[in-house]
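Residue numbers (this note's numbering), protein chains in the order written: chain A, 957 to 1507; chain B, 40 to 215; chain C, 677 to 997.
No lab work stands behind these hints: they were computed from the structure.
Wrong hints could be hidden among the right ones.
Heads up, simulated EDC-like pairs for lysine to aspartate or glutamate below, C-alpha to C-alpha not over 16 angstroms straight-line [as the list claims (entries may be wrong)]:
| hint | chain 1 | residue 1 | chain 2 | residue 2 |
| --- | --- | --- | --- | --- |
| 1 | C | 748 | B | 141 |
| 2 | C | 853 | C | 967 |
| 3 | A | 1111 | A | 1230 |
| 4 | A | 1195 | B | 141 |
| 5 | A | 1194 | B | 141 |
| 6 | A | 1111 | B | 166 |
| 7 | A | 1195 | B | 163 |
| 8 | A | 1419 | A | 1236 |
| 9 | A | 1434 | A | 1273 |
| 10 | A | 1111 | B | 141 |
| 11 | A | 1342 | C | 967 |
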Amino acid sequence: MPLEPEAVEPVAEQKAVYPELIERLRKAGATEVSSLDYSKSGMDVDAQVTPQSLCAVASILKHGHFSLETLVGVDRQPEFEVLYLFKADNEGPRVKLRAKTDRETATLPTLTNVYGGADWYEREVFDMFGVNFIDHPHLRPLLLPHFTKFHPLRKDFHGAPIVIPEDTVEIPELDVQAATKLGQSTGLRSDFFLNMGPQHPSTHGVLRILLHVEGETILGGRCHLGYSHRGTEKLAEKKQYVQFLPYTDRMDYLSPLNYNWGFARLLETATGIESTPRAEVLRVIMCELSRIASHLVWLGTYLLDLGAITPFLYCFEDRERILTIFERATGQRMTTSYIVAGGVRNDVYSTFSLEISELMRDMRKRLVEYDKLVIGNEIFLMRTDKVGIISPELAIEYGVSGPCLRGSGVDYDARRDEPYCELYKELEWKVPFETGGDCLSRSRVRMAELEQSVNLVEQALLKLEDGPVRSKVPKIFKVPAGEYYSVTEGPRGIIGWYLIADGSQIPYRLKVRVPSFANLQTVEQLMPGTRVADVVSILGSLDVIIPEIDR
Amino acid sequence: MSESLQSTSHEEAGADTDHIPPIVQFLPLQKALDLARANSLWPLTFGIACCAIEMMAASASRYDADRFGAGVFRNSPRQADLMIVAGTVNLKMAPIIKRLYDQMPSPKWVIALGSCAICGGPFDQDDNYAVLQGVEKIVPVDIFVPGCPPRPEALLHAILELQERIKSGSTNATRA
Amino acid sequence: MSIFDILLRIVLAFTAVITFVTLNALFLVWLERKVSAVIQNRMGPTEVGPFGLLQTFADALKLLGKEMITPKSVDQYVFLLAPIIAFLPAPLLIAAIPIAEGVGVSDLNVGALYLLAISNIALLGILMAGWSSNNKYSLLGALRAVAQNISYEIPMLLAVLAVVLMAGSLKLSEIVKAQETIPYILLQPVAFLIYFICSIAESNRTPFDLPEAESELVAGYHTEFTGMRFALFFLAEYTQVFVLAAIVTLFFLGGWNGPLLHPIVWFMLKTYLVVFVVMWLRWTYPRLRSDQLMNFNWRVLLPLAIVNLLVSTVLFRGTVG
Ligand code: SF4
Chain A
957 MPLEPEAVEP VAEQKAVYPE LIERLRKAGA TEVSSLDYSK SGMDVDAQVT
1007 PQSLCAVASI LKHGHFSLET LVGVDRQPEF EVLYLFKADN EGPRVKLRAK
1057 TDRETATLPT LTNVYGGADW YEREVFDMFG VNFIDHPHLR PLLLPHFTKF
1107 HPLRKDFHGA PIVIPEDTVE IPELDVQAAT KLGQSTGLRS DFFLNMGPQH
1157 PSTHGVLRIL LHVEGETILG GRCHLGYSHR GTEKLAEKKQ YVQFLPYTDR
1207 MDYLSPLNYN WGFARLLETA TGIESTPRAE VLRVIMCELS RIASHLVWLG
1257 TYLLDLGAIT PFLYCFEDRE RILTIFERAT GQRMTTSYIV AGGVRNDVYS
1307 TFSLEISELM RDMRKRLVEY DKLVIGNEIF LMRTDKVGII SPELAIEYGV
1357 SGPCLRGSGV DYDARRDEPY CELYKELEWK VPFETGGDCL SRSRVRMAEL
1407 EQSVNLVEQA LLKLEDGPVR SKVPKIFKVP AGEYYSVTEG PRGIIGWYLI
1457 ADGSQIPYRL KVRVPSFANL QTVEQLMPGT RVADVVSILG SLDVIIPEID
1507 R
Chain B
40 MSESLQSTSH EEAGADTDHI PPIVQFLPLQ KALDLARANS LWPLTFGIAC
90 CAIEMMAASA SRYDADRFGA GVFRNSPRQA DLMIVAGTVN LKMAPIIKRL
140 YDQMPSPKWV IALGSCAICG GPFDQDDNYA VLQGVEKIVP VDIFVPGCPP
190 RPEALLHAIL ELQERIKSGS TNATRA
Chain C
677 MSIFDILLRI VLAFTAVITF VTLNALFLVW LERKVSAVIQ NRMGPTEVGP
727 FGLLQTFADA LKLLGKEMIT PKSVDQYVFL LAPIIAFLPA PLLIAAIPIA
777 EGVGVSDLNV GALYLLAISN IALLGILMAG WSSNNKYSLL GALRAVAQNI
827 SYEIPMLLAV LAVVLMAGSL KLSEIVKAQE TIPYILLQPV AFLIYFICSI
877 AESNRTPFDL PEAESELVAG YHTEFTGMRF ALFFLAEYTQ VFVLAAIVTL
927 FFLGGWNGPL LHPIVWFMLK TYLVVFVVMW LRWTYPRLRS DQLMNFNWRV
977 LLPLAIVNLL VSTVLFRGTV G
């Protein structure tokens, strides 16, 4: 990112890094603006805002083309605090705004007027902490069922009995209104509601979309999440750091290794433990393989959504080969828990390099085939070209990341732009990006990424030298009190981890910023005016993983 | 059209016929039917979380559940015989699973795939507020497949096991 | 002929046709699963019977033994009637197809017209199914089916007309006889393509399988149907594929004409080859969107069909007449 590492390390005080920005934030009404050490906390600027000045300060950031990365709610006991994390494009800083509200009133102004992408994030905070956002267009539970009365992430909440009330499938009236609102402007009459999901073949898991349609034309739609909400963030507050690792696998089960790495990097940033050179190479190899596997599943299921069944089986065949390697190296096909703080859990087996290079050779051939047969197919082009266009502005406003962002012509890849692994700098590869912003561009970006990943794996294999795979890590793993943020690039985009540690073995608050969340949020903007078949196409091209969103 | 919001259908009419025992027993016919049913288990396309990917893998080339006649994934519960609950069932999802189960025509079977579907798996811990402790609380389960996630082979084994049980007539399902 | 003879003939024909429809559909489903398996590097059904041949019998028997659910909110009578009406044309069509010179239930003198007319009854069944189910996916599926079938009907008729023009008869055996030397696929390649594309669209197969688009509409118009009722739709669909292939064979591939082998063998060979191609397409292509489907028909196929008809009138009829 912004700071060159050499410049950062010797200087302890970081006061003068972004003086104009800090000045502007101050002018807009932020109190206590300070700069932070990026290498230690993962943030550059920290600003306290009052509820009154929140929108004004955020507008400043909006004009500076900052994207809203996530909202983190914290129960500071007694008051609540909401952290707004912003990220500038490749060159700029990361900014954190903090807004406080006391426990009784628990209200904050909404940011949705400035950042459309704040919508779901605020609803999530509303869910988890019961903080009301004034003037939010449709503040209602996002992840929790509408009949629950508790706010799980409050510190005084200690579990609830699992009771299923009778008839709960009914859609609350509020949702209907919200869905209708989008379509009202067209003034069409013969409209009706179409409920897609949660059990629907192309919602990739258990997403539910309430569509407002007129014939086959969509007037508007609303997503309903939470059908696989598992309370991972609450669990994190009960688990030791080491114990939490397996849960990271289960968030995005298509690329567990990338999540492992993200979590390991968070702990490394927080504690200062360094991983070993061999471990770094192994991490790159495994994560790129995992990216390939994940993109293959995307390719297969996307075509399944578009009606072609066969590519799915070919992709899975290739993926099986990668999983076999994972299984031999880590002991599990999917839930690997392989990358840990300080390196990787165990060394790989003897024929590891051999097997992978063979696989990569075959992959190259297969990629050419996929490109010709699938991406070049006339019907595929018709179904994806100019469908579901995410403009760069929309992408930035909503905090879209990963291939979806690069498909919209924004050239940002955390592997290159965040200094989280030196190896990515040494290897020769490029970040593919397209400018169309439609489903086709996103598909092309992913196909190009597959190729780049093969490149990366092949080069990384050559760098694999003998050595320890894990550095010394204390038996009792504690993280010094403080707040840390770390970012890695997963197959779907930026995986961010925000940790508030109190010096014990257990996190005080651990928030995961998942890429699919922001990516999926754009869908409500993309749907109006398209057709039912396009929704499937758009959803598929965003490549979302629902359990990752729901956590 | 716009008044009715639910596109999935309402309560089942045929559900209560389940309990009436057949008046005349046709044993050979019953046997033949059981054999046919065992060999033609059409699963419902229905994945919730990680385990669903392994379920997909089980139907893909390397494992190919179609060999045993269990590869015809039906999207509509009306045409499915087997519900594979693959993933974590939570409070919000549970009523939907119940409803899907009700919408399937009997005889029908359920496989609980993975520790989440069996008992809530890694998520049923202190302070749990979301995850159901096993899908058995809402639908009758015939086969439990342990693992997190279970390997595709395990699912195939479960299908074969279920076939055996159907043939011997010892499952939860009432035979229509 | 006595009344008894006639009755016997009717009963025999009826039995033969129904048996053929069922067995053929079962075989085709098996074939489809095997073809898909080969295309997808899988095995397909192997465990039930030799090569899994009994798999589809098991499926059919199972469907017979399933509970039949009639959801509360459906339109009862229409719901019950829909699968039957959808299935009805299947035997009627098979009955009118001559398999070889003089072999077949009946060789009508307006055979071509009859086939095209009857095959559209199934559409009524689909519409009824979609309407009565009280399910929006079914409804959308049915609407798509109707729109699609009616539009593709026109270029299809025009393509057939070109063939009829050349043969000078609507009688199927006459059309085949006219192809004794050269099959019409060589003389009328454009008509063949148009007809083939349209008939795939008519039978709702990929890339035109919008009415039952699995990934969009769950199961399309038959979403709410269980057990035997669902099986009837299935039977109808596969019979339609067979009929489609048979018509292609009769109109364009020279019917049962062929050297050495018995005419029936030739006919079956050609027909199943066409069926295979249809399946091959299904397992290869993605699906079109509804507006693209319509555009393709009205902007490409229809003009092409008209031009083709005009050109062939001038070329063939002009010289002869
Ligand atoms: S059992 Fe394990 S793998 Fe399966 S859904 Fe639960 S957490 Fe995921």
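So, going through the hints one by one against the coordinates:
1. C:748 x B:141: Measuring from Cα to Cα gives roughly 13 angstroms; hence the hint holds.
2. C:853 x C:967: Given pair residue 853 of chain C, residue 967 of chain C is violated - Cα atoms ~40 angstroms apart, limit 16 angstroms.
3. A:1111 x A:1230: Given that 16 angstroms is the threshold and the Cα spacing comes to 33 angstroms, the pair is violated.
4. A:1195 x B:141: violated, 38 angstroms
5. A:1194 x B:141: violated, 37 angstroms
6. A:1111 x B:166: holds, 11 angstroms
7. A:1195 x B:163: OK: residue 1195 of chain A and residue 163 of chain B at ~13 angstroms, within 16 angstroms.
8. A:1419 x A:1236: holds, 10 angstroms
9. A:1434 x A:1273: violated, 42 angstroms
10. A:1111 x B:141: Judged against 16 angstroms, a Cα distance of about 39 angstroms means the pair is violated.
11. A:1342 x C:967: holds, 14 angstroms
Violated hints for the displayed structure, listed by number in ascending order: 2, 3, 4, 5, 9 and 10.
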